[in-house]
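I would like the entire structure built from these sequences, with the hints used as guidance.
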Amino acid sequence: MKIKLQYLYLLAFVLIVIAVAEFIGIQSIQVGSVKISLLPLVFAILITMLLGLSIFRKGFMKKVYSKENVGFSSKYLIFIMLPLMARYGADVAPRIEDILKVGWVFIIQEIGNLGTILLGLPIAILLGLRREAIGATLGLGREGELAYISEKYTLDSDEGRGVLSLYIIGTLFGTLFFSILAPIMLAAGFSIEALAMSSGVGSASMMTGSSSALVAHSPEMTETINGYAAASQLLTSFLGTYTMVFLAVPLQRFMYKLMVRGDKK
0 MKIKLQYLYL LAFVLIVIAV AEFIGIQSIQ VGSVKISLLP LVFAILITML
50 LGLSIFRKGF MKKVYSKENV GFSSKYLIFI MLPLMARYGA DVAPRIEDIL
100 KVGWVFIIQE IGNLGTILLG LPIAILLGLR REAIGATLGL GREGELAYIS
150 EKYTLDSDEG RGVLSLYIIG TLFGTLFFSI LAPIMLAAGF SIEALAMSSG
200 VGSASMMTGS SSALVAHSPE MTETINGYAA ASQLLTSFLG TYTMVFLAVP
250 LQRFMYKLMV RGDKK
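With numbering that gives the first Met the number 0 as the guide, the letters of the sequence shown map in order to residues 0 to 264.
Fair warning: there could be bad hints in the mix.
Said to hold, decoys possible - Derived DSS-like pairs (lysine-lysine); straight-line CA-CA distance at most 25 Å:
#1 LYS62 to LYS3
#2 LYS3 to LYS61
#3 LYS151 to LYS256
#4 LYS3 to LYS66
#5 LYS57 to LYS3
Treat the hints as calculated values from the structure; they're not laboratory data.
In this text the structure is predicted, and so the values were computed from the model without any measurement.
Spelled out as structure tokens, the structure:
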């Protein structure tokens with residue numbers, strides 16, 4: 000099979016960024032009593048964001064950030080996540096007894112997925128969004144929401160543009176946000192088990208950023224943190240679909256009709 004040259008450019012660029020990010024390693028910033036750990040994943044995101052600016056997209060970088068490469072990367076992102084999903088299962092197994100003891104907590108936390116609607120939808124409408132708000136606030140805009148909006152409205156619709164925008168923003172800034180938020184919440188007195196459990200929000204990159212920051216803070220609890228985070232992530236990916244369809248969607252429709260009068264679309 001003939002591989003297009005621009006894909007090779009992309010692969011070479013990815014390997015270079017990974018090498019640079021790993022060379023930088025985990026860097027810690029002390030802000031008062033809070034220790035924030037910046038992970039290689041965060042540096043990789045920041046590097047690719049910076050080099051993606053139009054001022055740098057010249058010559059080799061223009062080929063790397065070509066429209067075809069961007070489309071290719073988005074389309075096949077799921078295949079990169081598959082080995083990570085397999086690792087989740089491996090992380091859950093050693094801690095399965097402890098996880099089962101608090102299993103009901105994992106289920107209740109799924110109600111938290113409704114927060115994007117209860118908090119996000121009113122703000123989105125106040126900012127002037129209409130049908131775009133439906134796609135942008137259904138959830139965190141990850142694969143589940145992307146698939147639902149795509150099937151129901153298509154990605155060329157206003158709703159589709161809303162969920163795609165959130166998907167891109169979450170990919171760019173979500174990991175950085177969770178990497179910083181987790182140690183701040185830990186310093187505020189929250190249990191490390193609770194924070195590990197809340198790391199599984201349905202996004203592999205966000206979960207990795209959050210749990211890795213917790214591991215950097217408490218390496219002696221690596222197994223517990225990874226086990227709780229992975230279990231939460233798996234449960235969110237599974238139950239989150241049903242929460243979205245049977246709870247989030249009806250709630251969002253009710254709130255949208257209540258706040259936006261006269262929109263019959």
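Hints, one by one, checked against the model:
no., hint, in the structure
1, LYS62 to LYS3, "12 Å, holds"
2, LYS3 to LYS61, "15 Å, holds"
3, LYS151 to LYS256, "18 Å, holds"
4, LYS3 to LYS66, "14 Å, holds"
5, LYS57 to LYS3, "19 Å, holds"
The structure meets every hint from the earlier list without exception.
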